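> With the sequences and hints as input, model every part of the structure.
Number of protein chains: 2
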Amino acid sequence: MAKVLIPIATGFEEIEAVSIIDVLRRGGIEVIIAGIDSESNNNLIKGANNIVIETNLDIKNILNISSFDMIVLPGGWGGTTILSQNIQVQNLIKEFDVTKKLIGAICAAPFALSKAGVLKDNLKFTCYPSVEEQIPNSSTRYIDNFKVIQSENIITSRGPGTAICFGLYIVSILISNEVKNSLKKGLLADFCD
Amino acid sequence: MAKVLIPIATGFEEIEAVSIIDVLRRGGIEVIIAGIDSESNNNLIKGANNIVIETNLDIKNILNISSFDMIVLPGGWGGTTILSQNIQVQNLIKEFDVTKKLIGAICAAPFALSKAGVLKDNLKFTCYPSVEEQIPNSSTRYIDNFKVIQSENIITSRGPGTAICFGLYIVSILISNEVKNSLKKGLLADFCD
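Residue numbers (my numbering), protein chains in the order written: chain A, 1 to 193; chain B, 1 to 193.
Don't take every hint at face value.
Which copy? The list can't say, so a pair holds if one copy fits it or any two copies do.
DSS-like mimics (lysine-lysine), calculated; alpha carbons at most 27 Å apart, straight line [to be verified]: (1) Lys185 to Lys100; (2) Lys185 to Lys46; (3) Lys101 to Lys60; (4) Lys115 to Lys100; (5) Lys3 to Lys185; (6) Lys3 to Lys46; (7) Lys60 to Lys100; (8) Lys100 to Lys3; (9) Lys120 to Lys101; (10) Lys185 to Lys94; (11) Lys124 to Lys46; (12) Lys94 to Lys120; (13) Lys46 to Lys60.
Just so you know, these hints were derived from the structure itself, not from any lab.
It should be emphasised that the depicted structure is a prediction, and the values quoted were computed from it without experimental measurement.
Shown next, in the form of structure tokens:
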């Protein structure tokens with residue numbers, strides 16, 4: 001069974017996080033929601049629009065990544081700032097990269113990939129409009145006319161309105177195109193590629 | 001400030017509930033998430049894809065609806081079955097209707113409106129494909145080629161892929177078309193009308 005780690009921190013964008021988790025689980029992927037500093041709050045994390053979701057565990061309990069196929073970061077500036085500064089999250093992102101595993105980020109979160117040094121200068125990416133201004137050397141590699149961009153092991157997307165499509169793309173890579181197409185129909189997400 | 005009541009029950013569809021809450025709050029609407037039988041579980045409710053969200057209060061604490069402008073039901077068959085059978089929720093839906101307040105439902109949830117008798121035979125509606133088969137006299141009034149349908153005080157929508165558009169439509173009615181258009185742009189939801 002494919003397994004994906006989704007770290008969430010206070011101020012995460014709720015549509016993005018929940019759409020990704022929902023679509024991946026519909027696709028048969030095991031999703032582990034890992035909270036940043038969630039232990040002191042009963043494993044609950046509050047999003048940018050005051051929607052509180054329960055994590056499966058605190059990120060401190062992720063001791064190695066061998067069982068995971070991918071890490072995916074939801075957006076929201078509050079959450080992204082924390083993911084960009086938290087040493088354990090940054091180390092995890094680097095470890096997924098070094099071991100050639102897939103790494104995903106949507107909206108503001110590609111900034112956290114840039115901070116970890118995994119959004120290398122030869123890679124194309126997309127993100128929420130204007131976030132690319134915070135990412136070095138973006139002028140030739142930022143793509144704004146696709147909902148999802150894959151460049152080597154890095155898969156990026158743009159914002160709340162592309163989150164379902166981002167989830168579907170990940171399902172197509174980790175499971176199959178057939179399952180992705182079936183989910184797309186079931187979700188009534190005809191606006192996704 | 002406009003105020004909307006969103007009842008959620010075990011098995012609710014997470015993309016739908018969270019997209020609606022997120023978009024309405026972005027639009028400046030006060031959203032109260034009311035759980036069904038949530039008190040025994042620290043106000044936590046688990047959705048259809050095992051995403052757990054925290055409610056603001058239990059539905060038992062909604063003693064009157066005078067401060068609310070609208071009630072909106074997210075879908076998911078598990079949640080819809082409970083909303084269709086819970087006497088307090090059914091009475092609340094009827095009370096919103098009798099007082100000519102707005103009533104919204106997406107995906108399977110129009111079935112819960114039908115159970116409450118507020119999806120009257122003269123009203124057009126939409127819902128998740130095939131759910132209309134459970135709704136009396138649907139053949140002449142079920143619409144399948146629009147993401148959102150308003151007929152008198154009843155606003156309905158189709159599924160996860162239309163949930164952002166449903167939220168935006170509600171913002172256009174409760175706040176303004178200008179705010180809706182601004183949110184649509186910010187959400188990158190160009191697929192909504």
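> Next step is simple, just say for each hint if it's right about the structure.
Verification of the supplied hints:
In this assembly of identical chains, Lys185 and Lys100 lie within 27 Å of each other by CA distance neither inside one copy nor across copies; the values are 31 Å within and 35 Å between. In this homomeric assembly, Lys185 and Lys46 come within 27 Å of each other (Cα to Cα) only across copies, at 24 Å, whereas the closest approach inside a single copy is 31 Å. When the C-alpha separation of Lys101 and Lys60 is checked against a cutoff of 27 Å, the pair qualifies only within one copy, where the shortest distance is 20 Å, while the shortest distance between copies is 48 Å. With identical chains, the CA atoms of Lys115 and Lys100 are at most 27 Å apart within one copy only, with a shortest distance of 18 Å there and 53 Å across copies.
Taking the closest pair of Cα atoms, Lys3 and Lys185 come within 27 Å of each other only inside a single copy of the chain (23 Å); across copies the shortest separation is 33 Å, beyond that limit. In this assembly of identical chains, the alpha carbons of Lys3 and Lys46 lie at most 27 Å apart whether taken from the same copy (24 Å) or from different copies (21 Å). Proximity of Lys60 to Lys100 under the C-alpha cut-off of 27 Å is restricted to the intra-copy arrangement: shortest distance 22 Å within a copy versus 51 Å between copies. In this assembly of identical chains, the alpha carbons of Lys100 and Lys3 lie at most 27 Å apart only when taken from the same copy (15 Å versus 48 Å across copies).
Taking the closest pair of Cα atoms, Lys120 and Lys101 come within 27 Å of each other only inside a single copy of the chain (15 Å); across copies the shortest separation is 54 Å, beyond that limit. Proximity of Lys185 and Lys94 under a CA criterion of 27 Å is satisfied in neither setting, with 35 Å inside one chain copy and 33 Å between copies. For a Cα distance limit of 27 Å, the shortest separation of Lys124 from Lys46 qualifies neither inside one copy, at 31 Å, nor across copies, at 37 Å. Proximity of Lys94 to Lys120 under the C-alpha cut-off of 27 Å is restricted to the intra-copy arrangement: shortest distance 12 Å within a copy versus 57 Å between copies.
Taking the shortest alpha-carbon separations for Lys46 and Lys60, both the intra-copy value of 18 Å and the inter-copy value of 24 Å come in at or below 27 Å.
In this structure, the hints that do not hold are numbers 1, 10 and 11, in rising order.
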